[in-house]
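Student: Between the sequences and the hints, there should be enough to build the whole structure, so can you do that?
2 protein chains.
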Amino acid sequence: MAVAELTSPAASFAHNYNNANRLRSSQLYAPSSSCLSSDHFRSRYRSTVLPRITCSVNQVQNSAPVQVEAPKDKAECYGVFCLTYDLKAEEETKTWKKLINIAVSGAAGMISNHLLFKLASGEVFGPDQPIALRLLGSERSIQALEGVAMELEDSLFPLLREVNIGIDAYEVFQDAEWALLIGAKPRGPGIERADLLDINGQIFAEQGKALNAVASPNVKVMVVGNPCNTNALICLKNAPKIPAKNFHALTRLDENRAKCQLALKAGVFYDKVSNVTIWGNHSTTQVPDFLNAKIDGMPVKEVIKDDKWLEHEFTEKVQKRGGALIQKWGRSSAASTAVSIVDAIKSLVTPTPEGDWFSSGVYTSGNPYGIAEDIVFSMPCRSKGDGDYELVKEIQFDDYLRSRIAKTEAELLAEKRCVAHLTGEGIAYCDLPEDTMLPGEM
Amino acid sequence: MAVAELTSPAASFAHNYNNANRLRSSQLYAPSSSCLSSDHFRSRYRSTVLPRITCSVNQVQNSAPVQVEAPKDKAECYGVFCLTYDLKAEEETKTWKKLINIAVSGAAGMISNHLLFKLASGEVFGPDQPIALRLLGSERSIQALEGVAMELEDSLFPLLREVNIGIDAYEVFQDAEWALLIGAKPRGPGIERADLLDINGQIFAEQGKALNAVASPNVKVMVVGNPCNTNALICLKNAPKIPAKNFHALTRLDENRAKCQLALKAGVFYDKVSNVTIWGNHSTTQVPDFLNAKIDGMPVKEVIKDDKWLEHEFTEKVQKRGGALIQKWGRSSAASTAVSIVDAIKSLVTPTPEGDWFSSGVYTSGNPYGIAEDIVFSMPCRSKGDGDYELVKEIQFDDYLRSRIAKTEAELLAEKRCVAHLTGEGIAYCDLPEDTMLPGEM
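Protein chains in written order, with UniProt numbering: chain A, 1 to 442; chain B, 1 to 442.
Keep in mind that the hints were calculated from the coordinates and are not lab data.
Treat each hint with caution, since some may be false.
Chain copies aren't distinguished; within one or between two, either way the pair holds.
What the hints assert, rightly or not - Calculated cross-link-like contacts (lysine-lysine; reagent style DSS-like; alpha-carbon spacing at most 27 Å): (1) Lys209 to Lys407; (2) Lys97 to Lys346; (3) Lys308 to Lys320; (4) Lys301 to Lys241; (5) Lys294 to Lys393; (6) Lys98 to Lys301; (7) Lys272 to Lys98; (8) Lys98 to Lys320; (9) Lys407 to Lys346; (10) Lys272 to Lys97; (11) Lys305 to Lys245; (12) Lys407 to Lys97; (13) Lys393 to Lys209; (14) Lys346 to Lys294; (15) Lys241 to Lys346.
Tutor: Structure representation (structure tokens):
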């Protein structure tokens, strides 16, 4: 059975619907093989270096009368998710929303291993939102990615209706309405931030092009792989068809950590802390803002009357958290990073509580704070819950906050010069003064 | 400020309530140190071998006028969770249920690393159920456990109100209303099932005694550490004050995997598969029941007309899943195991859908199927959602199912003889015929 290539979520829905009806007309059916055969894989990707993928798990010695071929979708569907289904005909799913496609890069990594199960459980997009996961791995990780897909199968999440895995962003990002870009090369020994900007920048330039070519034109993009601000800038510069406003660099874990440290210092539970902004770069120049933050509705400076702590120790505590965690736990903070990605998405798909805001690294052009245009800078945002956001206007500044914002702004402008060759703005010139990677960051 | 030791959840609530009021009467307060100091730890546990625990993260150089001592609770509270709070006074939490204590052993392991964040997010017990996590680690894992607690802090879960960590079950299990016993010694090379029964049996005998002594008298106990059926039996025999009915051995991952394999074979989405029972031991003698299972409301045998597959390949596919996953993913199935623990708990705290059931390893005495009394055997259960369950009566048996049930029953009776020294029933006599550990199981 040949299946037409999909071009939009609506087409995808129709595809599944029609296909299900066709299948139902036969009495008994079964997939010829539910897993990815080595030959199938090689021919899809025209790769000669891909290792042999064994098929011991799902290979069905089929004696059923009707054989169904694996659908010829853009990326490889996996196992039980290759089976068609019929959302419309299911009485209990009539109140469900239209299926959305969520692409995730670095899908075989530890952050994704937490995040994917949260997405599939309905925790992020709600109990009435069926989802399709489109998972991008690498040749090295494709077997692990199959393992992830198997665990997603075994979890029986009712809302998870499709899982596709692949190693080509142009296939995996097809029709994506959300792109969560987690995969990046980790910083090995001796690799400086400038090197990493170039290595990972190339990945994000390529993924920007792929999003531009095949994703939904209003795709929301969340960049987690570091250096995430400048990666997000590179990505958006390579995706001119997608509004620059749709790109986010994740600074939510920093915000969450800042809230926790303020709570600890003030001796209150963390749910009393609000209006915390992380300004600028996701690096050691970042500025956790205590001037505008509130505890129990009161300005932080009226509750924590310890300027020395606020001006010196607070920022350090937020920034050293990742390194301290690695020391304790032996690995980087995958679980809480995944939670912060969930928080960041939820902040865009649910209305922001009255009077509060959230931090996200977003495009600066047109910002009301006088921050340089045309970079990705973490700033305070508010959302109506429609996936979009606006910058918060009622923000106070003092000399201390201004001077620290200027420093992180200068760093991001320097990073931008470093990657000019990747943003289409000429020849790169790299003069980063120091290593500002956050401790414990990959 | 000295704080009285807690003896019940109600007392705990009052403690927090009163303490919060006391704290509020002072203008400014902060914990003297939010993390566990090495000296403090040593004196609590009277241990000389505990490694030095560094305190670089949360140690506050405090200049606040009022110092608050770390509460002298039964287990060590962690960081921000040592801070008091006032549920009653919070307008928005007035509709919340009473806080429940959830104890988790093996809390620094990978399964727990998924499970704890699901518990804390409200996914398991609901959005109106505040929880306290009481985490049991070992001397070897206590630092990692601090790392887990730090990530829980940074996740800002509103429902997570207390986190205690410790290495003594008699402290950590205090007032537990749920005990999720995940920790067990993994099976190293050359260790047979009989050896593992003895090694882990001793752990579960001790934890049974601890639950008996300090947990809530109606605590629900879910045993995940293997060999889980006999571990659960040992645990319940050492906890005579707790109803034997309250002990469960986890076979839900097997049930989920069986559902997925039936869906794959029938070519339907997994939400069409119901009434799947796993009978017996969580080992290779387990019996995934296709006689009573249904696909789209029809008996499986009417949909999958392939007896050879059902009688031979189906069980093998379910059992080999864990091993296949390790091959692909390089580690055991932590994420989907955590999902199945969530499913198992939810099956007890939400009413079972009309006509369906779920599998759990439970105490056999009084069972309607003629299975030997006084063992822990996976059987079909139904719940009203009150934490309790009843066995399903309308079950069909045929000779094939009876003979396979007899085999897994014989194995569990043999395992019981192996651990007689741990259940208080005399001298152990171990004649396990073969190694029946599931592939890929720890």
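Student: Hints first: check each against the structure and report whether it holds.
Tutor: The hints, checked one at a time:
no., hint, in the structure
1, Lys209 to Lys407, "neither (31 Å within a copy, 59 Å between copies)"
2, Lys97 to Lys346, "both (16 Å within a copy, 24 Å between copies)"
3, Lys308 to Lys320, "within (17 Å within a copy, 59 Å between copies)"
4, Lys301 to Lys241, "neither (44 Å within a copy, 53 Å between copies)"
5, Lys294 to Lys393, "within (16 Å within a copy, 58 Å between copies)"
6, Lys98 to Lys301, "neither (46 Å within a copy, 34 Å between copies)"
7, Lys272 to Lys98, "between (36 Å within a copy, 20 Å between copies)"
8, Lys98 to Lys320, "neither (42 Å within a copy, 36 Å between copies)"
9, Lys407 to Lys346, "neither (30 Å within a copy, 50 Å between copies)"
10, Lys272 to Lys97, "between (34 Å within a copy, 20 Å between copies)"
11, Lys305 to Lys245, "neither (38 Å within a copy, 55 Å between copies)"
12, Lys407 to Lys97, "neither (45 Å within a copy, 47 Å between copies)"
13, Lys393 to Lys209, "neither (33 Å within a copy, 60 Å between copies)"
14, Lys346 to Lys294, "within (21 Å within a copy, 37 Å between copies)"
15, Lys241 to Lys346, "within (25 Å within a copy, 45 Å between copies)"
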